[in-house]
Each structure stands twice: as C-alpha cells, then as structure tokens.
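K.L.:
Counted the way mature numbering (1 follows the signal peptide of the UniProt record, and there is no 0) counts, the sequence shown spans residues -24 to -1, 1 to 102.
Since the hints were made in silico from the structure, they are not lab data. Just so you know, not all the hints are guaranteed correct.
[Stated by the list, open to error] Simulated restraints on C-beta separations:
| hint | residue 1 | residue 2 | range |
| --- | --- | --- | --- |
| 1 | 50 | 79 | 35 to 45 Å |
| 2 | 101 | 45 | 32 to 42 Å |
| 3 | 78 | -7 | 24 to 34 Å |
| 4 | -11 | 101 | 24 to 34 Å |
| 5 | 94 | 19 | 45 to 55 Å |
Heads up, the beta-carbon is just placed ideally off N, CA and C, and yes, glycines get one too.
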Amino acid sequence: MSMHDFLYFHIAFIFLSPSGRYWAEISDTIISGTFRQWKEGSTKSETYYPGDTIVHAVGEATSVQWSTGTWMVEYGRGFIPSTLGFALADTIFSTQDFLTLFYTVRVYVKGMILEASTFLTDTGVL
C-alpha cells in the first residue's frame, strides 16, 4: 500500500457490506466464487464470476457481497489515504482495538515517509 496505489487479495468468507466512497478507483478481479453488487440508488444486483473485473469509479459507492469461497485480487489507484477512514472504522468503533489501530497507523505512516523520501531522492530534491 502506498499513497497512490495498493494491491491485495481478499480472504475466502461470506461478507456483505457497503463499499465505501473514495478518492480512488478500485478494481476487483474475481478468481473464485462470486461477487454481487448493488449500485447506488438501485434495488437490482449484478453478479460477477471468476474472470470478471469490476471497476469502482472515484466517488462511487455500492453495496457488495462475496459468497463463501470467493477469492479476488483488488487493485486501488488514486488517493489511497481516503480509504483509511472506512477501513479502520470497525477497529475504532466496533472492536475498540486501539492497540491494533496504533500499529496499523504506525506502519502506514512509516510507509508514507519511506515513499515520500524515495520520491524526493529520485527527483533530486534530497
């Protein structure tokens, strides 16, 4: 994960959730299982299968559901820090696991500092 893009795999479990609304474009490529999506303002869902890629545009919000056994690759590109509020909301408000929150934010900030220093070194500023 960096300031402008990320790539990771989802784990295989059933899950239903809002997608969040970000300043980043996120694409999901299904490897196995199914991905069901309800677009904002619609009561009809669309189901995606292995090999399908779903693109969530900047500022778009949907409801999503993964079936049991679903694996996918998710790639995000844009202003990735805008995704942290949604990603950490459960840690803050549900589990109140502030130690994990501290470690997560610490690792993320270290990564941002490393990325910024690499960028500044590559551009000749440092």
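K.L.:
A separate judgement is required for each hint: does it hold in the structure or not?
P.N.:
Status of the hints after comparison with the structure:
As the Cβ distance of residue 50 to residue 79 is approximately 22 Å, the hint placing it in 35 to 45 Å is violated. Separation of residue 101 from residue 45 is about 48 Å and departs from the stated range, judged on CB atoms against 32 to 42 Å. A C-beta distance of roughly 26 Å is found between residue 78 and residue -7, which places it inside the suggested range of 24 to 34 Å. The hinted window of 24 to 34 Å between residue -11 and residue 101 is violated, with their beta carbons roughly 48 Å apart.
At about 46 Å, the CB distance of residue 94 to residue 19 agrees with the hint of 45 to 55 Å.
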